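Asks: Required output: the full structure, derived from the provided sequences and hints.
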Amino acid sequence: MEEEIIEIREIMHEINRRYAGTPEHALIKSGEIFPANIVPVLVRQARDTEARLYSWGFPRWQGKGLIINARSETVTEKAMFRQAFLNRRCIIPSTGFYEWKHSEGKKKKDKYLLRMPDRSVLYMAGIYTRFENTDINLPGFVILTTTANSSIKAIHDRMPVIIQPHEKDAWLTDESFARHIIDREGPLLEAAMV
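Read in this note's numbering, the sequence shown has 159 at position 95, and its numbers run on one by one without any break.
Treat the hints as calculated values from the structure; they're not laboratory data. Heads up, some of the hints might be wrong.
Here are the computed distance ranges between Cβ atoms for each label pair [stated by the list, open to error]:
#1 Q126 to D182: 40 to 46 Å
#2 L177 to R82: 27 to 33 Å
#3 A84 to E141: 38 to 44 Å
#4 S167 to N80: 39 to 45 Å
Everything numeric in this text was worked out from a predicted model, so none of it was measured. Where is the CB? At the ideal position from N, CA and C, for every residue including glycine.
Replies: What follows is the structure in structure tokens.
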């Protein structure tokens, strides 16, 4: 687990070095993130994997708001996502993610933190693209989701597509491997009500 913590620190160090003094640097969000927040993602640039700042969400073609997820089952079919899946895959490193569940007899939903059982870095599969006429000059990303496995099905019916640490390069560079990843069941996660 110490290796994963070190990796998160290295990602943040690279981000701080690359964006120091820029307007984007002041917008970096850590901790719990929300749509439109600016966060570090891993992308392939030339022959290297680099940490970059991207904004969470694709603007809707019509109307306001953001699209923050793409279903893995249809990502290769939908016009908004197809080219990004084929050519612009990314990885969103995190320590976990949150889901909410409505419980009988309660007005307020219960909030759950989902993470890897060993507390290692959780790498979520994403795709990105750059949009014209947006307020911020950074690419946007969405997180790919799949059907929830048994570890979180009681909380939510969807979960992020999760990349194992040894699969990061293949996800970013190999389209056929990426197609395989989006078709498989994700790893079991640990859920804790917060």
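Asks: Indicate, hint by hint, whether the structure satisfies it.
Replies: Hints, one by one, checked against the model:
no.	hint	result
1	Q126 to D182: 40 to 46 Å	holds, 43 Å
2	L177 to R82: 27 to 33 Å	holds, 29 Å
3	A84 to E141: 38 to 44 Å	holds, 41 Å
4	S167 to N80: 39 to 45 Å	holds, 41 Å
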